[in-house]
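> Work the whole structure out from these sequences, hints included.
Heads up: the sequence shown at position 15 corresponds to 512 in this note's numbering, and the numbers run straight through without jumps.
Keep in mind that the hints were calculated from the coordinates and are not lab data. Some hints could be false.
Claimed, not checked - Using 20 Å as the maximum straight-line C-alpha spacing, the simulated SDA-like pairs for lysine to any residue come out as follows:
id : residue 1 : residue 2
1  : Lys532    : Thr520
2  : Lys560    : Ala550
3  : Lys561    : Phe549
4  : Lys532    : Ala544
Said to hold, decoys possible - Label pairs and their in silico Cβ distance ranges:
id : residue 1 : residue 2 : range
5  : Val500    : Lys560    : 25 to 31 Å
6  : Ile551    : His527    : 32 to 38 Å
7  : Met554    : Val505    : 19 to 25 Å
8  : Phe499    : Val545    : 21 to 27 Å
9  : Leu548    : Met514    : 18 to 24 Å
Yeah, the Cβ is synthetic: ideal placement off N, Cα and C, and Gly gets one too.
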Amino acid sequence: MFVWTTFVFLIPPSIAMAYIGETLQTFSLHQSAVKEAIRVFLGISGAVTALFAIRFMSRFLKKKAENL
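Put into structure tokens, the structure is as follows:
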């Protein structure tokens, strides 16, 4: 079970982050276009993380309410 979880949930994001790092390694943060691209990427990542956290918490709270 742990091996399957590792492949499904850890490997793809790791590959994506490695690709992004490889792509952006030659850019300087002093360039405004790079700053904007990084800001947009972080904003999208934060929004997706927040949506998944809300989804998880709603399921958790729903189960907890059903047990009362």
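> None of the hints should be skipped; say for each whether it holds.
Tested hints:
1. Lys532 / Thr520: holds (14 Å)
2. Lys560 / Ala550: holds (15 Å)
3. Lys561 / Phe549: Judged against 20 Å, a Cα distance of about 18 Å means the pair holds.
4. Lys532 / Ala544: holds (18 Å)
5. Val500 / Lys560: 25 to 31 Å: At roughly 28 Å between Cβ atoms, lysine 560 and valine 500 fall inside 25 to 31 Å, so the hint holds.
6. Ile551 / His527: 32 to 38 Å: At roughly 36 Å between Cβ atoms, histidine 527 and isoleucine 551 fall inside 32 to 38 Å, so the hint holds.
7. Met554 / Val505: 19 to 25 Å: holds (22 Å)
8. Phe499 / Val545: 21 to 27 Å: holds (24 Å)
9. Leu548 / Met514: 18 to 24 Å: holds (19 Å)
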